[in-house]
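Peer 1: One letter stands for each residue in the lines below.
2 protein chains.
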Amino acid sequence: MHISELDTPALLVDLDRLEANLRRVAGYCSEHGLRLRPHIKTHKSPLIGRRQISHGAAGLTVAKVGEAEVMLSSGTPDLLVAYPIVGESKLRRLMEVARKTNVTVALDSLEVAQGLSSAAQAAGLTIGVLVEVNLGLNRCGLDPGPDLVALAAAITRLPGLRFDGVQSYYGHIWLNKPDGPAHFEKVKQGIAQVQEDFRKAGIELKIIGGGSTPTLFHSHEIAGINEIRPGTYVFYDSMQVAAGSCRWEDCAVTVLTTVVSTARPGYALIDGGSKTFTSDGIPGAAQPSFGKVTEVPEAVFYNMNEEHGYLDLRQAGKTIRVGDRLRIIPNHVCVAVNMHEKAYGIRGDNVEEVWPVEARGKLQ
Amino acid sequence: MHISELDTPALLVDLDRLEANLRRVAGYCSEHGLRLRPHIKTHKSPLIGRRQISHGAAGLTVAKVGEAEVMLSSGTPDLLVAYPIVGESKLRRLMEVARKTNVTVALDSLEVAQGLSSAAQAAGLTIGVLVEVNLGLNRCGLDPGPDLVALAAAITRLPGLRFDGVQSYYGHIWLNKPDGPAHFEKVKQGIAQVQEDFRKAGIELKIIGGGSTPTLFHSHEIAGINEIRPGTYVFYDSMQVAAGSCRWEDCAVTVLTTVVSTARPGYALIDGGSKTFTSDGIPGAAQPSFGKVTEVPEAVFYNMNEEHGYLDLRQAGKTIRVGDRLRIIPNHVCVAVNMHEKAYGIRGDNVEEVWPVEARGKLQ
Chain A
1 MHISELDTPA LLVDLDRLEA NLRRVAGYCS EHGLRLRPHI KTHKSPLIGR
51 RQISHGAAGL TVAKVGEAEV MLSSGTPDLL VAYPIVGESK LRRLMEVARK
101 TNVTVALDSL EVAQGLSSAA QAAGLTIGVL VEVNLGLNRC GLDPGPDLVA
151 LAAAITRLPG LRFDGVQSYY GHIWLNKPDG PAHFEKVKQG IAQVQEDFRK
201 AGIELKIIGG GSTPTLFHSH EIAGINEIRP GTYVFYDSMQ VAAGSCRWED
251 CAVTVLTTVV STARPGYALI DGGSKTFTSD GIPGAAQPSF GKVTEVPEAV
301 FYNMNEEHGY LDLRQAGKTI RVGDRLRIIP NHVCVAVNMH EKAYGIRGDN
351 VEEVWPVEAR GKLQ
Chain B
1 MHISELDTPA LLVDLDRLEA NLRRVAGYCS EHGLRLRPHI KTHKSPLIGR
51 RQISHGAAGL TVAKVGEAEV MLSSGTPDLL VAYPIVGESK LRRLMEVARK
101 TNVTVALDSL EVAQGLSSAA QAAGLTIGVL VEVNLGLNRC GLDPGPDLVA
151 LAAAITRLPG LRFDGVQSYY GHIWLNKPDG PAHFEKVKQG IAQVQEDFRK
201 AGIELKIIGG GSTPTLFHSH EIAGINEIRP GTYVFYDSMQ VAAGSCRWED
251 CAVTVLTTVV STARPGYALI DGGSKTFTSD GIPGAAQPSF GKVTEVPEAV
301 FYNMNEEHGY LDLRQAGKTI RVGDRLRIIP NHVCVAVNMH EKAYGIRGDN
351 VEEVWPVEAR GKLQ
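Heads up: the sequence lines are chains A and B, in that order. Per the working numbering, the first sequence starts with residue 1, numbered consecutively. Per the working numbering, the second sequence starts with residue 1, numbered consecutively.
Where hints are given, some of them may not hold.
One copy or any two copies: either way a pair holds, since identical chains are not told apart in the list.
[As the list claims (entries may be wrong)] Each computed DSBU-like pair below joins lysine-lysine, with the alpha-carbon atoms no more than 30 Å apart:
| no. | residue 1 | residue 2 |
| --- | --- | --- |
| 1 | Lys362 | Lys342 |
| 2 | Lys342 | Lys188 |
| 3 | Lys292 | Lys318 |
| 4 | Lys362 | Lys188 |
| 5 | Lys362 | Lys292 |
| 6 | Lys342 | Lys100 |
| 7 | Lys318 | Lys186 |
| 8 | Lys206 | Lys188 |
| 9 | Lys186 | Lys362 |
Calculated directly from the structure, the hints in this document are not laboratory data. All figures in this text were calculated on a predicted structure; none of them were measured in a lab.
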């Protein structure tokens, strides 16, 4: 099938680019002895999870129990739930997942560890635990220091749990920003301090996990990190180009749209807005832009509503008509993929595969 | 079932508030002789569409053919597709809908009208048409003037179509903003000019449609408007409170969330971020806020990632613990509802109904 036969908006995945991205990161991890446990938040599909595993990933990372349930069909030998799991219902479902594959949970509080311990004991299972370290993002995680060691020590004493190590996430760091390198230095210092603290406390760190796509290829510079869990690298997006972590030619996802109105001279409306792309912008961008129009690089995607994308074509030097189709690289591919029920795998202009975005919208 | 038995995040709809909102707008339209054809973009559920009809709505409005298909089960006598429908696949599906209920399409180009005419002729159907007028939003629509009249005249000659009148949308106008009243005056002048132009051209305007929730209760001040199609009024949200179009007590939707981390003193993370609420902000807000925490009004929902909501509790004067549940009024309820598979209808703290958000994610 040719892509012109698809109705719009439609999510297209360039399979050659996807495969090149998978290969490149697998090669990097292999070269530097890093365990790869990629986050499925970006693709949300067991089919791509399976390809990541066949490219050497040791397991997969998810945020939600609902994602873990879906990812079982990828055949992954190992699932990291990189999110504190709270509440009986989620814990019960997680134990069902843990009967089918190895499960590790990342958390940052004794309350969450105790809930997990009770659930694991009741189920007769052992769940791995990583303690989350805050290295400047100020999201989940304890700062390096005695509270972090104390939580780890408490976990080693909780039945049903196996303390595996620590994880951190530092997706706020763009090395091409003025303050990027300084923040990255703090990550290195933080990981060094954690290792020193745990060594003194006599607690082994089997896993010291890091991640994030913007600093992916610098992971080996952080002494001690032995596992990474990037997500966005499979598809990349406009934000990753802005972060300097990829080129436009690496971006595997475009959204195929149709021009529905050119009533206003110099402008056009496309049939994709925030319900198709989400309204995520690019942090620090000089002018608002909601995506890159591949056919008309001078077009400015300057505004959106739920069903409308607003293009400024005054500098485009090209006539755009109602019915024309435009392929747009989203700002933030993870959230854009989440808006689509299906993905179309293409080579050139041919649709080779169609798959459901199975873990789409799994909020719980 | 008590809401404490629900897993989170979960979309809660206060049924008393919903019913009060439906009654208030139905009463207003009845008092002023306005035909009400509400937009389902906010609730995306045939069940609520049916209640709108039982409260006096003459029909329903949708943006996508996929929404029209879903809304058939509401039993609506009439569907307005307020979006230019482009492409054979969508036209074919729309004709199937038009075999089951009356269909009208809003459009702003001869290309779209011709496509619709061909499809209607082939199906042996007659489709109503409204021509979209731009009254300052600069989205779809022709400006008042000769091009608008010419398009309408052309449509009256196209087989399979029935020219019904014009529609406009002016959701950019918040009457509590400094420039709001002046923009609203321009809407009145625009509608007056349109009526004068069409009178001169001898083309009858059966329908002069307006809409938008922020100016809803001022619709009767625009001389000539005889139909409105507001959407957000069923649920309202933080943005509508900011626009001065409702009170907090009118907001029917809250998202039930759970606190998953309090590792950082003075802050908390909840299990809902942009995948639950979307990242829509409030235009012109002094500080970023992603929703109103009903239990802790001093909490500032200052940041979000896909799965994390960041709360600043330093002014909250209340201790928040992991596992606590918080109900949050979203900024933009239409896009938030779109992220949820199910809605829970509650009275007080009891869940009385559960329904699927059936038209969720209908991109095509």
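Peer 1: All the hints need checking, so say for each whether the structure fits it.
Peer 2: Taking the hints in turn, this is what the structure says about them:
For a Cα distance limit of 30 Å, the shortest separation of lysine 362 from lysine 342 qualifies both inside one copy, at 15 Å, and across copies, at 12 Å. For the homomeric pair lysine 342 and lysine 188, neither the shortest alpha-carbon distance inside one copy (40 Å) nor that between copies (44 Å) is at most 30 Å. In this homomeric assembly, lysine 292 and lysine 318 come within 30 Å of each other (Cα to Cα) only inside a single copy, at 16 Å, whereas the closest approach across copies is 45 Å. With identical chains, the CA atoms of lysine 362 and lysine 188 are never at most 30 Å apart, being 34 Å at best within one copy and 45 Å at best between copies.
Within a single copy, lysine 362 and lysine 292 get their C-alpha atoms as close as 28 Å, and across copies as close as 23 Å, so both meet the 30 Å cut-off. With identical chains, the CA atoms of lysine 342 and lysine 100 are at most 30 Å apart both within one copy (26 Å) and between copies (28 Å). For a Cα distance limit of 30 Å, the shortest separation of lysine 318 from lysine 186 qualifies neither inside one copy, at 48 Å, nor across copies, at 33 Å. Proximity of lysine 206 and lysine 188 under a CA criterion of 30 Å is satisfied intra-copy only: 18 Å inside one chain copy versus 70 Å between copies.
In the homo-oligomer, the alpha carbons of lysine 186 and lysine 362 never lie at most 30 Å apart, since the shortest distance is 34 Å inside one protomer and 45 Å across protomers.
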